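Student: Going down the list, the protein sequences come from chains A and B. For the first sequence, counting from 1, position 272 maps to 272 in UniProt numbering; every step adds exactly one. For the second sequence, counting from 1, position 9 maps to 9 in UniProt numbering; every step adds exactly one.
Read the hints as simulated data drawn from the structure, not as lab findings. Do not rely on the hints blindly, as some may be mistaken.
[Unchecked claim] Sample of chain A residues facing chain B (criterion: CB under 10 Å; computed from the structure):
id	residue
1	Gly67
2	Asp72
3	Val93
4	Leu95
5	Gly99
6	Ser100
[As the list claims (entries may be wrong)] Covered by chain B, per the in silico footprint, the following chain A stretches (three or more residues, Cβ under 8 Å):
id	region
7	183 to 190
8	220 to 230
On a predicted model such as this, the values are computed, not experimentally measured, just so you know. Quick reminder that beta carbons are idealized off the backbone N, C-alpha and C, glycines included.
The primary structure of each chain is shown beneath.
Number of protein chains: 2
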Amino acid sequence: MAEPDGTQAERDFLAQYDPRAFDPIAVTVDVVALTLRAGRLHVLAVERGGQPFAGRWALPGGFVRAGRESLDEAAARELAEETGLDAAALDRVHLEQLGSYGSPHRDPRMHVVSVAYLAFAPGLPDAQPGGDAAGAGWLPVEAISPAGQPDEARPRPFEQGRRTGAYGGGAGRRPGHDGSGGLAFDHGRILADGLERARAKIEYTPLATAFLGESFTITELREVYETVWGAALHAGNFHRKVLSVPGFVESTGETDTRPGSRGGPRARLYRAGDARLLHPALLRPDREAGVR
Amino acid sequence: MAEPDGTQAERDFLAQYDPRAFDPIAVTVDVVALTLRAGRLHVLAVERGGQPFAGRWALPGGFVRAGRESLDEAAARELAEETGLDAAALDRVHLEQLGSYGSPHRDPRMHVVSVAYLAFAPGLPDAQPGGDAAGAGWLPVEAISPAGQPDEARPRPFEQGRRTGAYGGGAGRRPGHDGSGGLAFDHGRILADGLERARAKIEYTPLATAFLGESFTITELREVYETVWGAALHAGNFHRKVLSVPGFVESTGETDTRPGSRGGPRARLYRAGDARLLHPALLRPDREAGVR
DNA sequence: TAAATAGTGTCTTTTAGACAGTATTAT
DNA sequence: ATAATACTGTCTAAAAGACACTATTTA
């Protein structure tokens, strides 16, 4: 080769390289953390303590620590800070990159590129405020992002009458009740993208099990699909289908103790199998009509 | 609400905000631009003119212009610069975000977060070197990323004997022939991720048509699938399947002029239809075995 | 007992795929 | 004529979905 790929040349170059010679762009991670509570899909949100958007709900997130962590590590760190979970509990949480958002003025302070992550978590305790957030809690998604649409201005971005305990975090105020509506920044759009990703992902992966505990019944698994997709599924056909897909679930040999049941036989318990993709997939019903 | 979401408070805050108060992270976009040439999948690459990795092939890309463009705009700009295409020609190119890569030391200069994009392009003329690249050209992907695996060191990352004209750009040297192998930075991994995305995407979207011209035959469309998937498909069943999926293709009423054919009837010509998702999808063959 | 639920049987429709066959064109 | 290619017909197997049915448990 004409010019050697010399490490000496690279060392010389790096010695005189100035990382601040370029216009700055900040890099953050934001996490769309989803969980199921009482049969409804909830998303982890924090109440912003400082400007901009002080007092508004936002997705948990923060700046990536330059030179010290990868994007995946930053997302896991932010999620751990807001949920108060330790490493063992986080192991049961599915975390994947969702996409990056970098319009020049999405943050009024400066150009901020946010790398969004999507998390599926089993039922978790109330969230812990961490970092510079005034409060943190699990919010029902349909109150913020109706039908998974991008954030549209709503007078009351979520309802207070139902399940008040679900907001958690002990914030005395209710952010978003000032009429401005929706999440801070472009987090409404990020949430909508995360919801659509979640709906698609459980079609061809077994990640619906990530919303459940170590063992679960087929009915509980079906309720995950019904909640995420927002559609009722045929119990009998779903049951047979799940058991027919190789590696989706495996039997524990146990049966449910059925607290709160209204009758019926004890359901068998299953745990997640070893498949990483479902074949054949569980397709959402009624995709023909509106999808073109 | 206790504290007003006052725009005055926000203005005060922004007036004293220093964008350089944080450790810098650079943000770049890199593009995995794929096209078909002579029945083989090619990726656009540039020969690096400067450090680091001088003389090595890399994906086209560059720094995002802080405060002046979105990520999508930056990717389109970089693609236009390297291909020399005007806005009209770029309109026929599919461009979507692939994912972001941000390990702290993936670039030896500083912490660089790269937002990768994936492009599908019809057959294009030889690339134009742009920016600080010494050369640019279309490289056969199997020479760089065998079987879509992450970049593994190979003595000769692409072969010189076949289709020498495909490299374009007029570079006298052949980057990568120094025994170091593979693409610069982590671009081998990004390319592998882009190839897997492309293979998956043509299953459930009509984007295979983005590799073809305005009108095409069913056989040409089948050759796109066979090349991207690396598997032979049954011509008769493929033909019927494509025509049965609503909105995938629509007839132009014309028939092919068949230059270079070895006999057979004139094939009918089609153009891309209005569907954005294929239902039912065209699934890759033989997914059961190795996918778990 | 009645009601609710877990799980299975069975039938129909849709889709994928194997394979064969016919028509059209180049050499 | 022969070979190659563009399509089409037909049959089988897999899968999705509608519906009915039995068994088990709670109230």
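Student: Determine which of the earlier numbered hints do not hold for this structure and return their numbers in increasing order.
Tutor: 3, 4, 7 and 8
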